[in-house]
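Line by line, the protein sequences are chains A and B.
130 is the number of the first residue of the first sequence in my numbering; add one for each residue after it.
14 is the number of the first residue of the second sequence in my numbering; add one for each residue after it.
Quick caveat, the hints were computed from the structure, so don't treat them as lab data.
It cannot be assumed that every hint is accurate.
To be verified - Derived contacts from chain A toward chain B, CB cut-off under 8 Å, selection only: (1) L147; (2) A150; (3) H240; (4) L244; (5) E410.
Quick caveat, the model's predicted, so the values are computed rather than measured.
Using N, Cα and C, we set each Cβ at its ideal position, and we do this for glycine too.
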Amino acid sequence: MSSVASTPSAIRALPWQLWIAQTIAILRMEIRKTLWMRRGIWIYLVAFAPVVLIGIHAIDSPLGRHCNLQQDTEILAGIFQVFYLRFGIFFGCLGMFAWLLRGEIVEKTLHYYFLSPVRREVLVAGKFLAGVIASGLIFGLSVFLAFTLMYGHFGPAGRAYVFSGPGLGQLAAYLAVTALACLGYGSMFLALSLVFKNPILPGIFVLLWEMFHAVLPPLLQKLTIAFYLKQLCPVSVPAQGVMALFTVVAEPVSAYIAVPGLLCLCAAILAFAFWRIRTFEISYLAD
Amino acid sequence: MNKASDRIVFDDVSKFYGEVLGVNRVNLSLPPGVTSLVGPNGSGKTTLMNLMTGLVRPTQGSISVLGLTPDEPEEFFRLVGYCTQFDSFPKGVTGYQFIKQYLRLRGLTDQDAHRLTVEAIDRVSMGEAAHRKVAAYSKGMRQRIRLAQAIAHHPTVLVLDEPLNGLDPMARAESIALFEALGKEGMHVVISSHVLHEVDKISDQVVLMSYGYVVAEGQIQGVRSEVTEHPMQILVRCDAPNLLASRLFAQDHVVEAKLNRDGLGVLVRTLDANQFYMLLNKIISEEEINLQAVSPADDDVNSVYQYLVGGGGGGTV
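Start from the sequences and build out the full structure, keeping to the hints where you can.
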């Protein structure tokens with residue numbers, strides 16, 4: 130009984146202020162590094178490719194091609210679900226989050242962190258947050274620009290759709306799903322980078338797992354990030370073609386379950402990463 | 014502070030990398046002062062240092078540094094600074110940024126981090142190059158800036174893995190003087206170096222290693238006196254070396270008495286140093302010999318290491 134009563138005071142006694150200061154110091158170092166890393170140029174190219182395509186579409190349509198607001202809304206939903214979620218954010222997070230710790234090992238600088246008075250869990254949390262902020266900024270900006278260009282070229286009809294119709298809510302949902310995708314895939318790739326020297330192969334496995342999540346049994350679907358993200362997308366894109374034949378329809382869940390479900394999955398993956406980093410050894414030669 | 018909490022203690026520590034032995038059954042208790050880890054490449058010096066600082070974990074046994082373990086990093090790394098052998102830096106940083114950014118991880122304010130950074134940079138004489146990119150530094154400068162990073166937070170235990178590598182003679186002399194000063198301030202300074210004659214001068218104690226085993230430890234003179242199978246060499250400088258040599262040679266424990274080339278000294282090899290010193294006192298008072306100096310000729314780290322392990326030479330192992 131006394132141990133139960135003393136648990137909150139024990140939690141309060143932890144050096145939270147120091148941990149917060151250390152996390153901020155890690156964020157200052159890592160956000161700059163992650164946003165401006167030369168080897169990450171391809172992430173920008175992948176992230177902003179749909180913006181360029183939608184931009185061309187926006188320039189092209191006043192020159193004579195007839196556009197339909199309903200059709201373009203579905204196209205944007207398709208681009209978001211197929212390109213952003215399955216490809217862009219997935220690979221962007223693979224490149225960014227897998228490099229957060231693996232990059233320090235390749236560049237032989239992880240020991241500077243390990244020799245600082247920073248709890249390794251705080252280090253992982255700080256790096257993870259830096260990755261979420263960096264990837265959220267890049268892909269969030271990309272989604273925002275894609276949305277703006279897609280509805281901007283409709284003129285007053287587009288403005289009415291955004292500000293008087295469902296458009297603004299859809300934009301907020303797209304941005305929220307982007308942030309959740311960065312959280313989900315980020316945690317997964319960060320954890321994988323602590324297990325595998327080369328996270329590309331497990332990354333391909335995760336890609337297939339996520340890509341074909343719709344054909345998995347309902348229980349296994351709940352162990353995929355795509356399952357929760359799909360539930361939160363504002364405009365649904367039905368499975369078509371061969372995929373539709375194999376699709377097992379899982380019980381749809383509301384946002385009130387999907388968001389905490391995804392966050393729980395992230396927390397479980399991060400808990401694994403915390404456990405893994407505690408026993409991590411520096412052996413650069415072996416890596 | 015009890016005795017254990019001012020020492021670095023290895024309790025039956027072994028480390029295996031898969032099937033490869035790192036160190037085996039190490040038992041050490043290092044007091045404050047300068048301790049040199051001596052041994053050839055692959056003898057386990059770096060493994061011992063990495064174990065001490067938690068970069069690798071022991072397969073067996075336990076380690077404590079001033080009563081703390083790396084599992085409590087907030088406390089542990091306030092006391093410990095480690096300058097590793099890894100000659101690598103975060104990309105694009107200047108020497109100043111490199112030190113300051115890791116000081117900020119300690120929860121220090123910007124002003125405090127700046128003050129400690131400038132102080133550490135001055136201590137290794139890198140003031141002029143501090144705001145240049147580390148990528149443009151020479152090897153010696155990189156070594157010094159890493160040393161500055163290791164001492165910037167005023168640690169009580171400083172672990173230095175081959176800290177003299179890449180330094181020019183002037184920088185070596187400055188670094189050795191710095192290590193000696195830190196040792197005299199009451200710090201634990203643990204140094205590994207293959208340049209034995211340089212660390213020899215400042216070491217309070219040595220740990221001799223070979224193939225992952227500690228073969229001897231303690232004050233070098235004490236270790237030397239325990240190596241009984243090799244007669245001790247003592248150089249006696251005086252004004253009557255011939256007379257002294259003839260008197261000494263009559264004793265059983267003196268196995269060799271060799272006249273120095275300059276004719277002003279005798280190099281004696283004896284199986285019992287204590288008896289030799291007593292005898293020497295007797296002879297110089299009886300024969301009225303003018304004694305100038307008496308000094309052991311082979312109680313340096315290099316000689317002791319060669320007696321115990323063999324190989325090496327030329328001042329390095």
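Hints and how they fare:
1. L147: Nearest chain B Cβ about 5 Å off; hint holds.
2. A150: Because about 4 Å separates A150 (chain A) from the closest Cβ in chain B, which is inside the 8 Å limit, the hint holds.
3. H240: Interface hint status for H240 (chain A): holds (6 Å vs cutoff 8 Å).
4. L244: 5 Å, holds
5. E410: For E410 (chain A), the interface hint holds, since the closest Cβ of chain B sits about 5 Å away, which is under 8 Å.
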